[in-house]
Amino acid sequence: MPSNPSMSAAIVAAAESDKIGYIEEGTTALNLHIEAIRNVCAEAGVSPSEIDGVFSTNNSNLLAEYLGLHPKYIDTTAVGGCSFQMHVHHAMAAINAGIIDLAVVSHGEAGYSARKNKGNGTLRGGAGDPWLPAAQFGGGPYGNWGAPSNYAHALTRHMHQYGSTKEDFANIAVVTREWATLNPRAVMHSKETHPVGGPITVQDVLDSRMIVWPLNLLDICLVTDHGGAVLISSAEKARSFKTGPVWIAGAGENQSHQDMLEMDDYTATSALASSESAYRMAGMGPGDMEMAMIYDSFTVTAGITAEMLGLAPRGGGPSLWADGNASPGGKFPVNTNGGGLSFSHSGMYGMMLLIEAYRQLSGTAEDGVHGIAGKQTNAQSAVVNGTGGSLSVTGTLVLTADV
Amino acid sequence: MAEYNKSIPSPDPYVTQPFWDGAKEGKLMLPRCTTCNRAHWYPRILCPHCHSSNIEWFEASGEGFIHTYAVQNRAFGGWADETPYATAYIDLKEGDRMFTALRGVNAEDPTSIKIGARVKIEFEQASEDVFVPYWRVVD
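These protein sequence lines map, in sequence, to chains A and B. Residue numbering for the first sequence follows my numbering, beginning at 1 and increasing consecutively. Residue numbering for the second sequence follows my numbering, beginning at 1001 and increasing consecutively.
Bound-form chain A, shown alone:
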């Protein structure tokens, strides 16, 4: 139940980095952050491990990774000097909502040192600082050029560890394409919408151009233009609009790492933790879900996430798509818009997952009234999971239809 967050949280300790001012020997913004967090924890008598919410400008995920944290709330609001007041506000709201128990709001800027270091180590925007750990020791020096370069390592490990095959994962692309053929706005709907649109086979996936072994071209999402938005209302007003409500029954988020260098288990993501939070909040479990929208930047992303969401056995993620189960007319529809693989994927696909889940649960899939037959499912509940970074951060929602 919503409640007034007034008095629901308090600042319990405050500390600075080891040195402040003109640090003649020089330092980096990252070091200043870490020193301050260590010191404030020492003053409060808590271990950094007890922190479950990380709030900072731009770099919250790096701070969490550095400290080995898996926060349930990650906030990188960066709007200038007042950002930290806003972080306190956001943290209070998260605590009041029961999502987290202990938040850190952190700041570190090496304004003085940055001048003598020619801007290095300033941690201003995350990427681009050559002294960031990942810039020295991650993919950059070895020619990794983006998500495909990174994600491929996860599929290799999954096949090794569980005996899964490229064919298993290729079938995810095949089934997802089936949904795209029912979506007239899908890039890969048909030969009319794209020269290689329309139905595909597992062999087509295996025969498509090898990009980063073991990922072929058709294991990889599209790169499109896309915009989207949703409106969120209070429960009291939720039925006062021309369009009907789809209820947010549960929500959760989590992070396992920022750079893939720090990924512990290449066959698992934090969707396990974020979905546990969402299911718990909803008082529901995977068995209560009637469809799923699963981030499919790559076939391997979707396959592993299916395991994490409890929709497939560990090591057998692709089985969710086997035997027509996840296909149009199947008993558990998945990625009913045609997915990032065959509908549209502009770079950050999460909004598209959300829009499709809303349409399915409100009975308006594609035609905006009663839904297109075949494409419109009967699902009354959906688990919606987004993955960000290099299998790094996940957010899970449990949504239910208005009954």
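Rather than coming from a laboratory, the hints here were simulated on the basis of the structure. Watch out, some of these pointers could steer you wrong.
[Stated by the list, open to error] Beyond 10 Å from chain B on every Cβ pair, some chain A residues (computed):
no., residue
1, Glu35
2, Pro48
3, Leu182
[What the hints assert, rightly or not] Estimated spans, in silico, between C-beta atoms of each pair:
no., chain 1, residue 1, chain 2, residue 2, range
4, B, Arg1118, A, Ser49, 32 to 42 Å
5, A, His194, B, Phe1076, 43 to 53 Å
6, B, Arg1118, A, Gly285, 35 to 45 Å
7, B, Lys1024, A, Lys118, 21 to 31 Å
8, A, Met348, B, Glu1059, 36 to 46 Å
9, A, Thr243, B, Thr1035, 49 to 59 Å
10, A, Phe84, B, Lys1024, 33 to 43 Å
11, A, Ala93, B, Gly1104, 48 to 58 Å
12, B, Pro1013, A, Leu206, 23 to 33 Å
13, A, Tyr162, B, Gln1017, 39 to 49 Å
14, B, Pro1013, A, Asp101, 55 to 65 Å
15, A, Gly285, B, Arg1103, 45 to 55 Å
16, A, Leu206, B, Asp1081, 19 to 29 Å
17, A, Gly45, B, Gln1017, 28 to 38 Å
[Claimed, not checked] Here are the simulated DMTMM-like cross-link-like pairs (lysine to aspartate or glutamate), alpha carbons at most 20 Å apart as the crow flies:
no., chain 1, residue 1, chain 2, residue 2
18, B, Lys1120, B, Asp1081
19, B, Lys1006, B, Asp1139
20, A, Lys72, A, Asp265
21, A, Lys118, B, Asp1129
22, A, Lys166, A, Asp207
23, B, Lys1093, A, Asp265
24, B, Lys1114, A, Asp265
25, B, Lys1093, A, Asp264
26, A, Lys166, B, Glu1108
27, A, Lys72, A, Glu50
28, A, Lys72, A, Asp52
29, B, Lys1114, B, Glu1063
30, B, Lys1006, B, Asp1129
31, B, Lys1027, B, Glu1124
32, A, Lys331, A, Asp264
33, A, Lys166, B, Asp1109
34, B, Lys1093, B, Asp1139
35, A, Lys118, A, Glu25
Yeah, the Cβ is synthetic: ideal placement off N, Cα and C, and Gly gets one too.
Given chain A, put chain B in place with the hints provided.
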């Protein structure tokens, strides 16, 4: 010295310099926490396992194993000339993991590369001060 045409890492003088100093001498230097006695990678001023600030550097064996890998068929800059080439995460004998481009493998045949294969570190001079670590399959 042959021209190194790939992205050259920029050593951070405040945290990672001992690693790069070791690399110049062909040694793998790793950070280790003297409170919990565990090595970690990447280098930090705070142990990611127990959050102690008592970090020392030590010379590691330079030996490890392939944890997982991929073969890059597409690349940019200097790496474009090398395709296909294999990248890998290496389980260090002393614990934790490094990323690398693999040497001593046939990337034309991805399944010939084996997870668990033994690897040793080597360093290639990229500039006057920077020697980039690579791992070579020795099995």
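Each hint tested on the structure:
{"no.": "1", "hint": "Glu35", "in the structure": "violated (7 Å)"}
{"no.": "2", "hint": "Pro48", "in the structure": "violated (5 Å)"}
{"no.": "3", "hint": "Leu182", "in the structure": "holds (32 Å)"}
{"no.": "4", "hint": "B/Arg1118 <-> A/Ser49: 32 to 42 Å", "in the structure": "holds (34 Å)"}
{"no.": "5", "hint": "A/His194 <-> B/Phe1076: 43 to 53 Å", "in the structure": "violated (26 Å)"}
{"no.": "6", "hint": "B/Arg1118 <-> A/Gly285: 35 to 45 Å", "in the structure": "holds (44 Å)"}
{"no.": "7", "hint": "B/Lys1024 <-> A/Lys118: 21 to 31 Å", "in the structure": "holds (22 Å)"}
{"no.": "8", "hint": "A/Met348 <-> B/Glu1059: 36 to 46 Å", "in the structure": "holds (43 Å)"}
{"no.": "9", "hint": "A/Thr243 <-> B/Thr1035: 49 to 59 Å", "in the structure": "holds (57 Å)"}
{"no.": "10", "hint": "A/Phe84 <-> B/Lys1024: 33 to 43 Å", "in the structure": "holds (41 Å)"}
{"no.": "11", "hint": "A/Ala93 <-> B/Gly1104: 48 to 58 Å", "in the structure": "holds (54 Å)"}
{"no.": "12", "hint": "B/Pro1013 <-> A/Leu206: 23 to 33 Å", "in the structure": "violated (48 Å)"}
{"no.": "13", "hint": "A/Tyr162 <-> B/Gln1017: 39 to 49 Å", "in the structure": "holds (41 Å)"}
{"no.": "14", "hint": "B/Pro1013 <-> A/Asp101: 55 to 65 Å", "in the structure": "violated (38 Å)"}
{"no.": "15", "hint": "A/Gly285 <-> B/Arg1103: 45 to 55 Å", "in the structure": "holds (48 Å)"}
{"no.": "16", "hint": "A/Leu206 <-> B/Asp1081: 19 to 29 Å", "in the structure": "holds (27 Å)"}
{"no.": "17", "hint": "A/Gly45 <-> B/Gln1017: 28 to 38 Å", "in the structure": "holds (33 Å)"}
{"no.": "18", "hint": "B/Lys1120 <-> B/Asp1081", "in the structure": "violated (24 Å)"}
{"no.": "19", "hint": "B/Lys1006 <-> B/Asp1139", "in the structure": "violated (27 Å)"}
{"no.": "20", "hint": "A/Lys72 <-> A/Asp265", "in the structure": "holds (19 Å)"}
{"no.": "21", "hint": "A/Lys118 <-> B/Asp1129", "in the structure": "holds (18 Å)"}
{"no.": "22", "hint": "A/Lys166 <-> A/Asp207", "in the structure": "holds (11 Å)"}
{"no.": "23", "hint": "B/Lys1093 <-> A/Asp265", "in the structure": "holds (17 Å)"}
{"no.": "24", "hint": "B/Lys1114 <-> A/Asp265", "in the structure": "holds (18 Å)"}
{"no.": "25", "hint": "B/Lys1093 <-> A/Asp264", "in the structure": "holds (16 Å)"}
{"no.": "26", "hint": "A/Lys166 <-> B/Glu1108", "in the structure": "holds (17 Å)"}
{"no.": "27", "hint": "A/Lys72 <-> A/Glu50", "in the structure": "holds (11 Å)"}
{"no.": "28", "hint": "A/Lys72 <-> A/Asp52", "in the structure": "holds (6 Å)"}
{"no.": "29", "hint": "B/Lys1114 <-> B/Glu1063", "in the structure": "holds (16 Å)"}
{"no.": "30", "hint": "B/Lys1006 <-> B/Asp1129", "in the structure": "holds (15 Å)"}
{"no.": "31", "hint": "B/Lys1027 <-> B/Glu1124", "in the structure": "holds (12 Å)"}
{"no.": "32", "hint": "A/Lys331 <-> A/Asp264", "in the structure": "violated (34 Å)"}
{"no.": "33", "hint": "A/Lys166 <-> B/Asp1109", "in the structure": "holds (15 Å)"}
{"no.": "34", "hint": "B/Lys1093 <-> B/Asp1139", "in the structure": "holds (15 Å)"}
{"no.": "35", "hint": "A/Lys118 <-> A/Glu25", "in the structure": "holds (15 Å)"}
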